[in-house]
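Novice: Spelled out from the first residue to the last, the chains are:
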Amino acid sequence: MSGEWILYIVFGATALVSAIGVVFLANPIHSALSLIGALASVAGLFLAQEAFFLSVVQIIVYTGAVVVLFLFVIMLLGIDSADPREEQLLRRQWFPWAFLGGVIGVGGLVLTITGIDLPFGVSGTDTADAVNEAGGNVQALSERLFTDWLLPFELTSILVVAAIVGGVVLAKRTKDLRGSGMGLTPDLAERISEEVEADAAEGELDPEDAFEADDVDPDPDSDAVLVGETSENGEG
Amino acid sequence: MSVLAQAIPAPQTDYTTIIPELIVLGTGLLIVLMLAIRRFSNIGWYALIAALGFAAAGIVAYVDLWPEVTDGAATYAFSGMVAADGFSTFVVILSCVAGVLAVLLANSYLKREGLDKAEYFALLLFSAAGVQFMAMANNLVMVFLALEILSVCLYVLSAWNRDKFASQEAGMKYLLLGAYTSAIMLFGISFLYGGTGTLNIAALAQFFARNVLENQGLVFLGMALVVVGLAFKIAAVPFHMWAPDVYQGAPAPVVGYMAAAAKIAAFAALFRILFLGLSAMEVDWKPLLWGLAILSMIVGSLLALVQSDVKRMMAYSSISHAGFIAIGVAAASAEGMSGALFYLVTYTFMIAGAFAVIDCIGRKDEQYTKYEDYRGLFAREPLLAAILTFFLFALAGIPGTSGFVAKFVVFEGAAEGGQWALIGIGTVAAVIALFFYLRLIVLMYMQDSTERPDLAETRARVAAGPAVVLAVTVAATVLLGILPQGLLDMAGQAVFAL
Amino acid sequence: MELHDYLPILVLLVVALLFGTVSRGLSALLHPRDPTPEKLDPYECGIVPERDNPERFPVQFYLVAMIFIAFDIEVIFLYPWAVLVRRLGVFGLVEMAVFVAIVFVAYGYIRREGVFDWAPRKKLDRTLLLQRYRREAEAARVASGASETEAA
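Chain order of the listed sequences is A, B and C.
In terms of my numbering, the first sequence opens at residue 2 and continues consecutively.
In terms of my numbering, the second sequence opens at residue 1105 and continues consecutively.
In terms of my numbering, the third sequence opens at residue 13 and continues consecutively.
Hints in this document: simulated from the structure, not taken from any laboratory.
Don't take each hint at face value.
Here's a subset of chain B near chain C, in silico, CB distances under 7 Å, partners left out [what the hints assert, rightly or not]: (1) Ala1114; (2) Leu1133; (3) Leu1139.
C-beta atoms are modelled at their ideal positions from N, C-alpha and C, and glycine is treated no differently.
Can you build the whole structure from these sequences, using the hints too?
Specialist: Here's what the structure looks like:
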């Protein structure tokens, strides 16, 4: 048993167990933590393949950032407000089918792959040579990435820009007047004007207001300027 | 250490092959940059910039690239990441046309609904670049990356009317299911790589030419999963579940673009991967495409019969059209491929026109999209009703319209390959399809006590943009129905040298 | 770089796991159980909490987390480039400059959209917004009649 095998079995087992935990744990926070375990185990599998850079990226991006995002969502939605009955319903309806699909899928995978004589261990030599020649894992990757894979690399930036713009435009309510056309209505302007005057009479700004999104607009249906979401004014 | 200190030579780059894409991407970035500096209150300016960008890219592709690539040989650029050939250039031009139509449709819609944020056009441009790179991609990772760029933009555009529950639902469903199928496709790509040791589509063909696999399991699995991922994008049965909800919930101008763009992109990738990369596995993928084509045609047409919402009906109609186009792939011949390309062009025009009408009739908030609202439409809106009737006939494939020619050339391609069963089932599906289009048409011309007097008081407003779109699409549909030869020749030049 | 270079990380992992399980286990075994409501209260930097946690947080948090991931990806690309920066030469520099410039456009966009504005400036903003609104309304009044805008 080589070291690679031991690592493969250990991390493979933890990945599997954590992945099952993600699905079956009742508390979403526990699921997310289990997901960290699964992703970290995959990083370990990459390590066993001597893909060091990939392994570290896996930790930084997935466990470091993506799961944090998941936790944010759980926090944003409020873990207490989840209705357990809905979850029950969902599980009851879909579980047998999902299970069946999973069994068929995994079975198919195992059947197709075991039927093939893969030259295990042979195909890796090219990569190992290339890595040695380049002077290291990251170097080899970098050399390929910035020459042959130039176009995909640059296109990734477009993907990132599209994702950022899309995310901001959907999540953020800029009902301000910076010419977005989604401006204040006369009614709302009137109301804000009154509020501002009242506040001015009262005194200074209250720092606590920054996190109370609900009190700006008494009418939740009209999309007033939400606190903390107003942006720097174009006129400065 | 001498090797390690050597400078790495700059890679081979050939920017001339991707000028149209660079123009489209550059325009999109320009819009984002403008938004970062200063926002104009009238989004008409951004619409103009986007339309100019699409037009410039399309003209460059047609004038500059098209004459060079029609000889059938492909130019590989960026270390074989992209291929510029007749096929890719054809699709690039088509996506630019779809983009211009989408911009024209969106401008007035966004203003009417108070959703006028210029980011719309930036995302539109990025998504079109995704379509174009998918058509050019000669590397499976490029296919995936382009597909993701396209998809991310479409997810956001579907949810654009974010205060409307249906639109949120559309975006969310599309995102979740789309991300899932993207993962499946990536899985497939990894199997293909594992089985062949290359991601380059042209090199895949060489691999199969040089090697005979004792057991094709791994490669077959990879191919099947890639087909599943792309079949989701074209909304082919049984991967169509998302389409009705997304088509119904997303804004009409978005659907008018998305229905065409997603199909163009996914079919382009299918053609290149299956016809060029995996042509040696024809016996394996042909039955899959067969199944997809037949199921899509039949299930799409049958379910469209029982709908009561026009946008939902159009979703099922688009599913059945995906089936018809898939015939062109399943035929596995040059004729089938050129037929499918022609079909995609006509479909782009028809769907943009039909959704322009649906948008106008829907009025503010798209509140009138039920069949009930179309009852007696001809009496209230004779012109819009007539135009919609025309498009529905064209979609059904009535002779004299481009829809008929499209179905004809696709069937012709299948006939060349001796696929008579496909043609037979396609004909049956076309007849069923005629029924559900007729059902709506009859409703529009019906005059009885249950027609909508509340709608008769005001006329639907047709803004300048949709009016231009309607004029162009009607003209194109008529023209391609009567004189299809020019485009047929172009599509014929665009096919791979098989 | 070989696999056994990662042995210290493995050791650290094992030590961390041991530390966690041993200290949890020991405290579970040894501590006296005497819960009072005060002891079970959420701990807020030693201050007695005055109110419950808010059920929902502003979407602002989420936006920042999302944008963090986007830039995280950018940084991941910077790392292999930095490793080979000399060998990649001017071409590599230009490549990376283009990449960073494109992402920087998005940064300018989110900056302008005010995603990073967290200061308690609600009222300040509202005043400015109002001024702007009045100015635009005035301008619109002047320009009215020039063109009929489309139905709202």
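Novice: Hold the hint about Leu1139/B up to the distance rule: shortest CB distance to chain C must be less than 7 Å.
Specialist: Status holds, d = 6 Å.
Novice: Is the shortest C-beta separation between Ala1114/B and chain C less than 7 Å?
Specialist: holds, 4 Å
Novice: Is the shortest C-beta separation between Leu1133/B and chain C less than 7 Å?
Specialist: Holds - the Cβ of Leu1133/B comes within 7 Å of chain C, reaching about 6 Å at its closest.
Violated hints for the displayed structure: none, as all numbered hints are satisfied.
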